[in-house]
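Visitor: Protein chains in written order, with the working numbering: chain L, 1 to 412; chain U, 1 to 384; chain Y, 1 to 364.
Worth flagging that the hints you see were computed from the coordinates, not collected in a lab. Do not take every clue at face value.
[What the hints assert, rightly or not] Coverage of chain Y stretches by chain L, computed from C-beta distances (three or more under 8 Å per stretch; other residues unrestricted):
#1 59 to 67
#2 74 to 82
#3 90 to 102
A virtual CB, placed ideally from N, CA and C, is assigned to each residue, including glycine.
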Amino acid sequence: MGVGGASGATEQVAEILDKFPGGIRLVDSIEYLVAWARANSLWPLVYGTACCAMEMMSAGSSRHDWARFGVEVARATPRQADLIVLAGTIVEKMGTNLVTLYEQMPAPKYVIAMGSCAISGGPFYYDTYSVIKGGDRLIPVDVYVPGCPPRPEALLYGIMELQEKIRKEGRRNPWKVGKVLETPFVDTHSLAKQEWLTQEEKKEDEQRLARARFKAENPDYKPAKPQRLAKEKFAAMPRIPPRKSGFTNPSLLAAVQRAFPEVALFRQPEITPATVADLGPEYILDLEIGPEQYPDLVRFLKEDQELGIDLLLQVTAVDWQDHFDVLVQLLSTRLGHKVFLRCPVSKEQPEINTISDIFRGAEWHEREVFDLFGIRFSGHPDMRRIFLLDDFPGYPLRKDFADPERVVKRPY
Amino acid sequence: MELQPVDNLPEGFTRGLNSDETSEEYFLNMGPQHPSTHGVLRLVLKLDGENVLEVVPHLGYVHRGIEKLAESQTYLQNIHLTDRLDYLSSHFNNLGYCLAMEQALDIGVPERGEYIRVMVCELQRIQSHLLWWGVTGMDLGAISTFLYGFKEREMITDIFEEICGARLTMNFFRPGGSFADVPDTFIPRVKKVIERMHVALDEYNTLLTDNIIFRERTRAIGILSREKALSYGCSGGVLRASGVSYDVRRNDPYSIYDRFDFGIPVGSVGGCFDRYRMKMEEMPQSLRILEQAVKDFPEGPYRSKEQSAYRLPQGSYYSQVETARGLLGTYIVAEGGAKPYRVKFRSPSFSNLSTLCEMAVGHKIADLVTILATLDFVVPDIDR
Amino acid sequence: MNQLPTEKIFPVHNSIGDLVRHLLPGSAEYVNGFLTIASLLLVVALLPVFLIWLERKVAAHFQARLGPMRVGYHGLLQSTADGLKLIFKEVLVPEGADRFVFFLAPILPASATFLVMTILPFDHHLQVADPAGGVLFALGISGLSILGILLAGWSSNNKYSLLGAMRSGAQMVSFEISLALIMLLIVMVTGTASLREIVLSQQGTILDWWIFKLPFLGFIAFMMYMISSTAELNRAPFDISEAESELTGGFATEYSGISFAMFFFAEFVNMFVSAGLAATFFLGGFLAPQFGIGPIDAAFDFIPGFVWFFCKTFLVIFLYMWFRWTFPRLRIDQLMYLEWKMLLPANLVLLMGAGFFLAMGWTL
Numbered sequence: 001m002g003v004g005g006a007s008g009a010t011e012q013v014a015e016i017l018d019k020f021p022g023g024i025r026l027v028d029s030i031e032y033l034v035a036w037a038r039a040n041s042l043w044p045l046v047y048g049t050a051c052c053a054m055e056m057m058s059a060g061s062s063r064h065d066w067a068r069f070g071v072e073v074a075r076a077t078p079r080q081a082d083l084i085v086l087a088g089t090i091v092e093k094m095g096t097n098l099v100t101l102y103e104q105m106p107a108p109k110y111v112i113a114m115g116s117c118a119i120s121g122g123p124f125y126y127d128t129y130s131v132i133k134g135g136d137r138l139i140p141v142d143v144y145v146p147g148c149p150p151r152p153e154a155l156l157y158g159i160m161e162l163q164e165k166i167r168k169e170g171r172r173n174p175w176k177v178g179k180v181l182e183t184p185f186v187d188t189h190s191l192a193k194q195e196w197l198t199q200e201e202k203k204e205d206e207q208r209l210a211r212a213r214f215k216a217e218n219p220d221y222k223p224a225k226p227q228r229l230a231k232e233k234f235a236a237m238p239r240i241p242p243r244k245s246g247f248t249n250p251s252l253l254a255a256v257q258r259a260f261p262e263v264a265l266f267r268q269p270e271i272t273p274a275t276v277a278d279l280g281p282e283y284i285l286d287l288e289i290g291p292e293q294y295p296d297l298v299r300f301l302k303e304d305q306e307l308g309i310d311l312l313l314q315v316t317a318v319d320w321q322d323h324f325d326v327l328v329q330l331l332s333t334r335l336g337h338k339v340f341l342r343c344p345v346s347k348e349q350p351e352i353n354t355i356s357d358i359f360r361g362a363e364w365h366e367r368e369v370f371d372l373f374g375i376r377f378s379g380h381p382d383m384r385r386i387f388l389l390d391d392f393p394g395y396p397l398r399k400d401f402a403d404p405e406r407v408v409k410r411p412y
Numbered sequence: 001m002e003l004q005p006v007d008n009l010p011e012g013f014t015r016g017l018n019s020d021e022t023s024e025e026y027f028l029n030m031g032p033q034h035p036s037t038h039g040v041l042r043l044v045l046k047l048d049g050e051n052v053l054e055v056v057p058h059l060g061y062v063h064r065g066i067e068k069l070a071e072s073q074t075y076l077q078n079i080h081l082t083d084r085l086d087y088l089s090s091h092f093n094n095l096g097y098c099l100a101m102e103q104a105l106d107i108g109v110p111e112r113g114e115y116i117r118v119m120v121c122e123l124q125r126i127q128s129h130l131l132w133w134g135v136t137g138m139d140l141g142a143i144s145t146f147l148y149g150f151k152e153r154e155m156i157t158d159i160f161e162e163i164c165g166a167r168l169t170m171n172f173f174r175p176g177g178s179f180a181d182v183p184d185t186f187i188p189r190v191k192k193v194i195e196r197m198h199v200a201l202d203e204y205n206t207l208l209t210d211n212i213i214f215r216e217r218t219r220a221i222g223i224l225s226r227e228k229a230l231s232y233g234c235s236g237g238v239l240r241a242s243g244v245s246y247d248v249r250r251n252d253p254y255s256i257y258d259r260f261d262f263g264i265p266v267g268s269v270g271g272c273f274d275r276y277r278m279k280m281e282e283m284p285q286s287l288r289i290l291e292q293a294v295k296d297f298p299e300g301p302y303r304s305k306e307q308s309a310y311r312l313p314q315g316s317y318y319s320q321v322e323t324a325r326g327l328l329g330t331y332i333v334a335e336g337g338a339k340p341y342r343v344k345f346r347s348p349s350f351s352n353l354s355t356l357c358e359m360a361v362g363h364k365i366a367d368l369v370t371i372l373a374t375l376d377f378v379v380p381d382i383d384r
Numbered sequence: 001m002n003q004l005p006t007e008k009i010f011p012v013h014n015s016i017g018d019l020v021r022h023l024l025p026g027s028a029e030y031v032n033g034f035l036t037i038a039s040l041l042l043v044v045a046l047l048p049v050f051l052i053w054l055e056r057k058v059a060a061h062f063q064a065r066l067g068p069m070r071v072g073y074h075g076l077l078q079s080t081a082d083g084l085k086l087i088f089k090e091v092l093v094p095e096g097a098d099r100f101v102f103f104l105a106p107i108l109p110a111s112a113t114f115l116v117m118t119i120l121p122f123d124h125h126l127q128v129a130d131p132a133g134g135v136l137f138a139l140g141i142s143g144l145s146i147l148g149i150l151l152a153g154w155s156s157n158n159k160y161s162l163l164g165a166m167r168s169g170a171q172m173v174s175f176e177i178s179l180a181l182i183m184l185l186i187v188m189v190t191g192t193a194s195l196r197e198i199v200l201s202q203q204g205t206i207l208d209w210w211i212f213k214l215p216f217l218g219f220i221a222f223m224m225y226m227i228s229s230t231a232e233l234n235r236a237p238f239d240i241s242e243a244e245s246e247l248t249g250g251f252a253t254e255y256s257g258i259s260f261a262m263f264f265f266a267e268f269v270n271m272f273v274s275a276g277l278a279a280t281f282f283l284g285g286f287l288a289p290q291f292g293i294g295p296i297d298a299a300f301d302f303i304p305g306f307v308w309f310f311c312k313t314f315l316v317i318f319l320y321m322w323f324r325w326t327f328p329r330l331r332i333d334q335l336m337y338l339e340w341k342m343l344l345p346a347n348l349v350l351l352m353g354a355g356f357f358l359a360m361g362w363t364l
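So that you can see chain L by itself, here it is in the shape it has in the complex (with noise of 0.2 Å):
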């Protein structure tokens, strides 16, 4: 049950009112009207985390409109809103402000749990070290609506089911039988299980004297047997490297070269300028660097006209067990080449220069990997962790990141 029904002051005016002639009927007909009133007037918060968010949104378009309901009065602060949509993944730094909000609306209020993430954590239930795995872990959940995404169309029938639910609110509802009415429970699920099995068991014993039947007439009948469609062959067809243009591989690496003699590549020491061709057009330069020269090499990069480098695509970093390898890649805008280089980093002392003071877009890159590799950028303006909690134990990209209590291992 949800945070509805009434509070303890309107729950004892109604018991001094049963006691007169006409009493019960009284409140009835209020808790009537007043639960007509409220599921007819579900002004939901503006709240989407993720996906699930943007079918939310197509609910309250032209053609689905969720307005004919009376939902369309979206407020932005809580204080004003009835209902909340859990539209898309709760992780755990939205989980407290999630509690929070909840506690800020007034009752009575209602949450809706659309699509699986909000429902079990869908999609990302595991191997995953942030989702938390079902909104009602945070907040009592009133309706369900399963999809990755939903429909709106699905949403609007949660809507209607919420409706349903709350018309039921008040003392006729079933949790609060034997208080004042006596009606009794009836377990209508049983019932309608009962129904439904002795309809099918007289279909049965129907088709049972229909097939008896048919046999008789038609003795020497045989069943056609039932034929797979053809899958659908495919030939497998050489791939047309696309055209590339800005310097080519040998021409790069030989600029390189001329300024960083020690610069090798990655895995393939040997190769020199005049063999890198070999390796295919489409390769990208991926070039290895001791960490003393790495930010030198960037700088050189990015100043030298000639090669126009001039975009920071990403900062990253790749865990080889033994050591991490903190991965920059580069592109030049105005001729097209991409050149990727990367540092080795110890894991005893993962520590390595910044290059924001270079790429201005590199400190929340750098941010990202101290987050989730643990690997300082010294010289760095502003290293806290981007993405998780300050306390989060562990970098989780870490290939020895385990937490058993955040992740759940997938059974297959």
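Based on the hints, put chains U and Y in the right spot on chain L.
Guide: For chains U and Y alone, kept in the frame of chain L given last:
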């Protein structure tokens, strides 16, 4: 000038409030639940009255660990994860991932498959821009634009639903093409969309672009210089608005984009209106591509040979596509085996949003909302 | 030009007045007053319910939707349900809020709008009071609602509320000036500040309405009234004090349940009052439109005056709604620029122009 003690400050701030008698400085928390942060971005602002002095964005309110999850799923299973990154560009994300796999395994795509890819992607670009247009209008207070944008968007969503059964998370492309052929109704429906969009774009321009209030609200707001845009690694409309003519479709063509004739709008000032204009002018260009593709849409197989399991040889593979928001890079490190060793998505929204602090300072709160709207980011794409 | 009886009349229609006067001699005025106030209260209670429904339906049809459909005929009972729900909802007071002021704040705008309703001339004989300085009364009382909003923002102990209230205060104080100047223009051309007399000064054909009577100037004045009253009402495109995409809920961020309902309802009654004043000043109030064509004029004249008053008022209300669902919002500095550097000088020029027109006798 006295400053507040440093240990009392909100996270990410280094300087406290000016506690002069006349000072009107204060901190304001915006989000993670706030209508104009488009999801769950949280901003902490230092304000002087209405003027923004400092912005500190806080990310991670929907960080789901997709990159870690990708390491424990097979290559084919991971395609569905890419849907949920930037859910408004799920076709692009699928495509980027498939391109990297195709590069690793030398898988070609038949002619019809390539056409399907281009057409579906351009439809998705229009669809995404339509939603962005509506939300931008709503952020600026014109609520009706939101519903108008959705009206045409539903037409495109219908096409997607028909070709792959999903409205949002498509999971449509596979290495070598797509998992299914397009139905016969595809081309007529696309023609209808093209026809309607030409009319609709005119309406949109009359309603919002040419509105004097809108013009005044976006004029000279959130200027991002060319150098800064490059330094922050911006891409897509944000980069082009600042005067850098870079579009992956033209400068580093993938699929069959080099066969089509289309223009790349480039801005001059790099302000909010330029960023707005970029997107509005991209839509007619997408329609141009669609018109050409409809004309030469070929018959034949829609995909090449299917494999039951994909195992990428050792090495690292990188592909990039131009999504509705900018440059999406997919970087796969493979060590043999059925699962990737590391997957990294270079999301355009992440870099684009990092410019916010540069742009918002000195403007008013209302302008901050305008800047956020024209940056056009998707928070789950930033957080991944 | 005044052909109708202008002697002091009882607010409620004379037949009721006569009856009461006959049955209870001496107490007629009190009973009359009581009946008037009761009926006015009923109108005040029902108006916002209807207006909110109308706003939602108009918005829906502007946006190619249907709007509320499920409760009552075409959702007619939708805002009744909303109101009932709000009444039975928990009222939260934020920590650190000034409780007394917090609860006082929503009462002020609600009572202010109710007070202004008392001087609106609904019909020849349907007006609670007709003070000689009716225009001044309307101006003065409507200032109370600013006070309510300011108090709400201050007492909520929330930065968003305070920001919203400050914006609202700045905006309303400035636009009050242009509103007052336009009213001054009307007072100048009519020579009276009583709302009833202003209506009566527009007798004749529709060309005698002030929107047409002063060539061009009347129409410009009407437009300016629309702009400044939209700002005064805190409605889009001037809704910066609520600015949902910026300040979540503006000054009402912390209000829930019935206190929020009072703000919400006051907003809509306010809109009605403002539109009613526009109809009174420019569109001939309760007077039936006359075209100088005998049968049509007679037919229109047959329709009671309050019907015409409501028709004209709802026409203006529709304009307000049209604005709201079309335009983007202005920024606070642009709003101030609009008032102080554009509207105010234009107002002064208009005032001089109208005086000149009157002096030269250039009226229709």
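Visitor: If you look at each residue in the region 59 to 67 of chain Y, do at least three have a Cβ nearer than 8 Å to any Cβ of chain L?
Guide: Holds: 6 residues of the region 59 to 67 of chain Y have a Cβ under 8 Å from chain L.
Visitor: Quick check: do three or more residues in the region 74 to 82 of chain Y have a beta carbon closer than 8 Å to a beta carbon of chain L?
Guide: holds (count 6)
Visitor: Would you say the region 90 to 102 of chain Y counts as covered by chain L, given the rule of at least 3 residues with C-beta under 8 Å?
Guide: holds (count 3)
Going down the numbered hints, you'll see the structure goes against none, and every one checks out.
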